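Q: Sequence:
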Amino acid sequence: MNTRATTEQNPAPWTVAVLGPGGIGGLVASLLARRGHRVIVVAGEQTARTLNEQGLTLRSGQFGDGTLPVEAVTELTEPVDLCVVATKETGLAEALRRVPAAALGSGLVLPLLNGFEHVALLRETYPAGQVVPAVIWAESTRTAPGVIEHTTPFCRIELASAAAPAARVAALGALLEDAGMGGLVREDETALLWGKLTFLAPFALLTTRHAAPVGTVRSEHREELISVLDELARLAVTVDVPTEASALLDRFDNAPEGMRSSMQRDAAAGRPVEIEAIGRALLRQADRSGTPVPALTALVTSVAKAHGAS
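All residue numbers for the sequence shown refer to the UniProt record's numbering, where the first residue is 1 and numbers rise by one.
FYI, nobody ran anything at the bench for these hints, they're computed from the structure. Note that the structure is a prediction, hence the values are computed from the model and not measured. Note that beta-carbon positions come from the ideal geometry of N, C-alpha and C, so glycine has one too. It is possible that some hints are incorrect.
Across the chosen pairs, the derived CB separations fall in these ranges [unchecked claim]:
#, residue 1, residue 2, range
1, Arg-234, Thr-67, 23 to 31 Å
2, Thr-77, Pro-256, 40 to 48 Å
3, Gly-36, Ser-106, 16 to 24 Å
4, Pro-256, Ala-12, 46 to 54 Å
5, Ser-106, Thr-152, 43 to 51 Å
6, Arg-288, Ala-247, 22 to 30 Å
7, Gly-215, Glu-124, 21 to 29 Å
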């Protein structure tokens, strides 16, 4: 049964480190800073300098526009209550060096990354009971260092942990809810992560392969879409997440016609694409479970070859 953490009064101020002040990390940092929490952004030297000089600017139809001062450092050197990890999977391993386990202390770790394999890496780097897997539903982009544009009329974080104490997870959910980010606490972390990935993977890979928004994908490439969704539904069952292909297709058909993925934007800009976290992780699960996924394999291979990730 899902529960929503609630609080009768604002949570006491937390000290929160945010690793990776991109579209998602910058959005979360801004919203927490607005609620009076101490936010320490952990970033590269140039970005940290810009944030210390100019602050963090958020432009959002939902939350409004504004600039707030934040602390920015290149490496965390003090314990925090929470560390939000919001880097891309392509730079995760290197970025984690900026947050040593000894400096983190007993703080919780909230990863807002795509896929599911990053959870194991985080639990190897930090105590397993401090890592709280999560997903975020929002479209937010860093348009310049320290400038974030949040373009969806929603920002929702859902979280679950098989290892962290329930009371600490509930307190984190309350913190996020108070800041306007949902904070829905779910029971099953695998179902949580796969629930997003079964939408994100076909959305990201197909919009990138065809350089088109979701409306074009579902109308002009529907046969390919259906084949991939059928395979993903079978694959989800192998991790004990019952999934119906028809339900996945309904989510696609109800998505805004002009919606584009961050992978598609990264590909168009010549940036690295998250083919490992979003594509090859699924193929590895298919190999482990002995599940044939020819349509998904062809799709992942095509995107990887076209965008230098082969």
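Q: Evaluate the given range 21 to 29 Å for the C-beta pair formed by Gly-215 and Glu-124.
A: violated (41 Å)
Q: Kindly confirm whether 46 to 54 Å is satisfied by the beta carbon distance between Pro-256 and Ala-12.
A: violated (38 Å)
Q: Indicate whether the distance between the beta carbons of Ser-106 and Thr-152 respects the range 43 to 51 Å.
A: violated (33 Å)
Q: Can the suggested window of 23 to 31 Å be confirmed for the beta-carbon pair Arg-234 and Thr-67?
A: violated (48 Å)
Q: Is the hinted range of 22 to 30 Å satisfied by the C-beta distance from Arg-288 to Ala-247?
A: holds (24 Å)
Q: Between the beta carbons of Gly-36 and Ser-106, is the distance compatible with 16 to 24 Å?
A: Holds: the Cβ-Cβ distance is about 22 Å, inside 16 to 24 Å.
Q: At the C-beta level, are Thr-77 and Pro-256 separated by a distance inside 40 to 48 Å?
A: holds (43 Å)
In summary, the numbered hints that this structure violates are 1, 4, 5, 7.
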